[in-house]
Amino acid sequence: MRPVYYYIYDEFTQDKKYQKELAAIERRLTDLELGGKISRLALFRSPEELIRDELKQGVTTVVVVGNDSTVFKVLDIVTEYGVTLGIIPVGEKNSIATALGIPEGELACDTLSARITETLDTGFVNGKRFLTRAVIENFAGDISCGTFAVFPSPEGKLEVRNLFVGAEGEPVMPKDGFLHLTLTTEGPSRSWSLFGRNKRHTSHIPLQTFTVTTPSVVNMQIDEDVLEDRRFTVGVDPNTLKVVTGRDRLFS
Amino acid sequence: MAHTQNSETIIAQGVRVEGDFNSQGDVYIEGELSGSLHTDQSLKIGESARIHAEVSAESAVIAGEVRGNIRISDRLELLETSVIYGDIQVETLSISPGAKVNGRISMGSMVMPVEESVEESAS
Numbered sequence: 278m279r280p281v282y283y284y285i286y287d288e289f290t291q292d293k294k295y296q297k298e299l300a301a302i303e304r305r306l307t308d309l310e311l312g313g314k315i316s317r318l319a320l321f322r323s324p325e326e327l328i329r330d331e332l333k334q335g336v337t338t339v340v341v342v343g344n345d346s347t348v349f350k351v352l353d354i355v356t357e358y359g360v361t362l363g364i365i366p367v368g369e370k371n372s373i374a375t376a377l378g379i380p381e382g383e384l385a386c387d388t389l390s391a392r393i394t395e396t397l398d399t400g401f402v403n404g405k406r407f408l409t410r411a412v413i414e415n416f417a418g419d420i421s422c423g424t425f426a427v428f429p430s431p432e433g434k435l436e437v438r439n440l441f442v443g444a445e446g447e448p449v450m451p452k453d454g455f456l457h458l459t460l461t462t463e464g465p466s467r468s469w470s471l472f473g474r475n476k477r478h479t480s481h482i483p484l485q486t487f488t489v490t491t492p493s494v495v496n497m498q499i500d501e502d503v504l505e506d507r508r509f510t511v512g513v514d515p516n517t518l519k520v521v522t523g524r525d526r527l528f529s
Numbered sequence: 007m008a009h010t011q012n013s014e015t016i017i018a019q020g021v022r023v024e025g026d027f028n029s030q031g032d033v034y035i036e037g038e039l040s041g042s043l044h045t046d047q048s049l050k051i052g053e054s055a056r057i058h059a060e061v062s063a064e065s066a067v068i069a070g071e072v073r074g075n076i077r078i079s080d081r082l083e084l085l086e087t088s089v090i091y092g093d094i095q096v097e098t099l100s101i102s103p104g105a106k107v108n109g110r111i112s113m114g115s116m117v118m119p120v121e122e123s124v125e126e127s128a129s
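The listed protein sequences derive, respectively, from chains A and B. Just so we're on the same page, this note's numbering is the position in the first sequence counted from 1, plus 277. Just so we're on the same page, this note's numbering is the position in the second sequence counted from 1, plus 6.
In case anyone wonders, no lab produced these hints; they're calculated from the structure. Heads up, a few of these hints could be off.
Over the 10 Å line for every Cβ pair with chain A, so calculated as not near, a few chain B residues [as the list claims (entries may be wrong)]:
id, residue
1, 14
2, 17
3, 26
4, 27
5, 41
6, 58
7, 65
8, 89
9, 106
10, 109
Below 20 Å or equal to it, Euclidean Cα-Cα: the simulated SDA-like pairs (lysine to any residue) are [said to hold, decoys possible]:
id, chain 1, residue 1, chain 2, residue 2
11, A, 405, A, 502
12, A, 452, B, 32
13, A, 476, B, 106
14, A, 452, B, 30
15, A, 519, A, 297
16, A, 434, B, 32
17, A, 405, A, 503
18, A, 405, A, 485
19, A, 452, B, 13
20, A, 405, A, 337
21, A, 405, A, 501
22, A, 476, B, 34
23, A, 333, A, 360
24, A, 452, A, 410
25, A, 519, A, 357
26, A, 405, A, 510
27, A, 452, B, 14
28, B, 106, B, 87
29, A, 452, B, 101
30, A, 519, A, 311
31, A, 476, B, 22
32, A, 314, A, 369
33, B, 106, B, 75
34, A, 293, A, 308
35, A, 297, A, 384
36, A, 350, A, 372
37, A, 476, A, 414
Quick list of simulated restraints, FRET-style, between CB atoms [unchecked claim]:
id, chain 1, residue 1, chain 2, residue 2, range
38, B, 98, A, 515, 32 to 40 Å
39, A, 384, B, 13, 29 to 37 Å
40, A, 369, B, 102, 47 to 55 Å
The beta carbon of each residue, even a glycine, is placed where N, CA and C say it ideally should be.
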């Protein structure tokens, strides 16, 4: 069955500086016979309502034209309905497209046309879904993982990674059925003869579900949202996001 | 039982783990762990690590301190800074000069207590 496309343009793409780029994208989409209805996000226009209406009309692929923020805006609805997500990256902050191997602008149309789809894991914290990572900057507390608990000392940075593009060489594993807990603390090294002298210590534990507890209320950043609490229940939701990827994606 | 898989687990210096830690992938510890520690793959215990646990793994390299019995199904390497308080059961063992072992060692695929082996060879 031929896919039916629906395009969501983020509000910021209406800026004049993107007009030329958008015109080139639209020409290329027409050439590739990937046309579909277009909606533009604006204040008080809920992307969820827009997409829900179009899904009733038989849309099978929702394509966001924008950046990481645009993807976050549609994440809940595309996972809820199991429709395929496409991305045409425009503007700044496109780490998700980078991880998925999607080139910027006009070239992304060819990636969309090739239609290599992957099904990714997503994560959730206290019921809130996320795609990339969750972070507590100054974490001092404990992490309960079922049969064992983890206690970092001194306080450090807690990250829960899924589709995360970090420093070069750091793995991106959004399809392994795990979230990747990393704890980064700084302190004097007690050891340098065997594994090298380091003052930044990073722990890494792949987990499926766990609970983070802190002595007082803290902020946890989840994608671009912030949750405020002292107890965070974290888990992976495997194989929940169907997405079009490029050949240069950063995972296998 | 908490399982981890595929990618390496790292418990760095400054992190303490309490309970039964069970992994299906490689594990590298420079921090502290108490309870039990098992991995189906390889285990590295760094020089700054302090382990108070029953330890089992396919293979292991130890440079730190372990208080507890150790069962390794393949190869165990004790580096010069390692200190072990507990019995070791292993297929193949390598001990560097300076390593301290306070416990019994059983080796080979047909593992039996050290005392019985000594009696049999004397008779």
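Hints, one by one, checked against the model:
For residue 14 (chain B), the condition that its CB be more than 10 Å from all CB atoms of chain A is violated, with the nearest at approximately 7 Å. At the 10 Å boundary, the C-beta of residue 17 (chain B) falls inside the reach of chain A, the nearest C-beta of that chain being 5 Å off. The non-interface label for residue 26 (chain B) is inconsistent with chain A: the shortest C-beta to C-beta separation is roughly 4 Å, within 10 Å. With a least beta-carbon separation of about 5 Å from chain A, residue 27 (chain B) fails to lie farther than 10 Å from that chain, contradicting its non-interface assignment.
Once the 10 Å rule is applied to beta carbons, residue 41 (chain B) is inconsistent with being away from chain A; the minimum gap is 7 Å. With 10 Å as the threshold on Cβ separation, the claim that residue 58 (chain B) sits away from chain A holds: the shortest Cβ distance comes to roughly 13 Å. Residue 65 (chain B), annotated as away from the interface, keeps every beta carbon of chain A farther than 10 Å; the closest lies near 17 Å. No beta-carbon of chain A comes within 10 Å of the beta-carbon of residue 89 (chain B); the shortest separation is about 14 Å.
Taking the minimum C-beta to C-beta distance to chain A, about 16 Å, the non-interface status of residue 106 (chain B) holds against the 10 Å cut. Non-interface status of residue 109 (chain B) relative to chain A is upheld: no Cβ of that chain comes within 10 Å, the nearest being about 22 Å off. At most 20 Å may separate the alpha-carbon atoms for a hinted pair to count; residue 405 (chain A) and residue 502 (chain A) meet this at roughly 9 Å. Taken as a hint, the residue 452 (chain A) and residue 32 (chain B) pair is honoured in the structure, with Cα atoms around 19 Å apart against an allowance of 20 Å.
Our distance criterion of 20 Å between C-alpha atoms is broken by residue 476 (chain A) and residue 106 (chain B), whose separation comes to about 28 Å. Between residue 452 (chain A) and residue 30 (chain B), the direct Cα distance comes to roughly 17 Å. Compliance with the 20 Å bound is thereby established for this hinted pair. The hinted pair formed by residue 519 (chain A) and residue 297 (chain A) fails the criterion: a straight-line CA distance of about 30 Å is larger than 20 Å. The suggested pairing of residue 434 (chain A) with residue 32 (chain B) is violated, with an alpha-carbon distance near 23 Å, which exceeds 20 Å.
Proximity of residue 405 (chain A) to residue 503 (chain A) is assessed by CA-CA distance (about 10 Å); at most 20 Å being required, the pair is judged to hold. Under the criterion of a C-alpha separation no larger than 20 Å, the hint pairing residue 405 (chain A) with residue 485 (chain A) is consistent with the structure, at around 16 Å. Using a Cα cut-off of 20 Å, the hinted pair residue 452 (chain A) and residue 13 (chain B) holds, with the two alpha carbons roughly 12 Å apart. For the proposed pair residue 405 (chain A) and residue 337 (chain A), the alpha carbon gap of about 24 Å is over 20 Å, so the pair is violated.
Straight-line distance between C-alpha atoms of residue 405 (chain A) and residue 501 (chain A) comes to about 12 Å, which keeps the hinted pair within the 20 Å bound. Note on residue 476 (chain A) and residue 34 (chain B): the hinted pairing holds, with a Cα-Cα distance of about 17 Å set against a maximum of 20 Å. Of the pairs offered as hints, the one joining residue 333 (chain A) and residue 360 (chain A) holds, with about 12 Å between alpha carbons and a cut-off of 20 Å not exceeded. Proposed proximity of residue 452 (chain A) and residue 410 (chain A) is supported: the alpha carbons are some 14 Å apart, at most 20 Å.
The suggested pairing of residue 519 (chain A) with residue 357 (chain A) holds, with an alpha-carbon distance near 11 Å, which does not exceed 20 Å. In summary, the hint linking residue 405 (chain A) to residue 510 (chain A) is supported, as the alpha carbons are separated by about 10 Å, within the 20 Å threshold. Taking the CA atoms of residue 452 (chain A) and residue 14 (chain B), the gap is near 16 Å; set against the 20 Å cutoff, the hint holds. About 8 Å separates the Cα atoms of residue 106 (chain B) and residue 87 (chain B), which keeps this hinted pair within 20 Å; it holds.
This hinted pair does not check out: residue 452 (chain A) and residue 101 (chain B) have alpha carbons roughly 40 Å apart, beyond 20 Å. With a CA separation close to 18 Å, the supplied pair residue 519 (chain A) and residue 311 (chain A) stays within the 20 Å bound. Simply put, residue 476 (chain A) and residue 22 (chain B) have alpha-carbon atoms about 17 Å apart, close enough for the 20 Å limit, and the pair holds. Pair hint residue 314 (chain A) plus residue 369 (chain A) does not hold up; C-alpha atoms about 24 Å apart against a cutoff of 20 Å.
With a C-alpha separation of about 14 Å, the suggested pairing of residue 106 (chain B) with residue 75 (chain B) holds against the 20 Å cut-off. Of the pairs offered as hints, the one joining residue 293 (chain A) and residue 308 (chain A) is violated, with about 24 Å between alpha carbons and a cut-off of 20 Å exceeded. With a C-alpha separation of about 14 Å, the suggested pair residue 297 (chain A) and residue 384 (chain A) falls inside the 20 Å cut-off, and the hint holds. A distance of roughly 15 Å separates the Cα atoms of residue 350 (chain A) and residue 372 (chain A); the hinted pair therefore holds under the 20 Å criterion.
The straight-line distance between the Cα atoms of residue 476 (chain A) and residue 414 (chain A) is roughly 18 Å, inside the 20 Å bound, and the hint therefore holds. For residue 98 (chain B) and residue 515 (chain A), the Cβ-Cβ distance of about 38 Å falls inside the hinted range of 32 to 40 Å, so the restraint holds. Checking the proposed 29 to 37 Å range against residue 384 (chain A) and residue 13 (chain B) shows it holds: the Cβ atoms sit about 31 Å from each other. For the hinted restraint 47 to 55 Å between residue 369 (chain A) and residue 102 (chain B), the CB-CB distance of approximately 53 Å keeps it satisfied.
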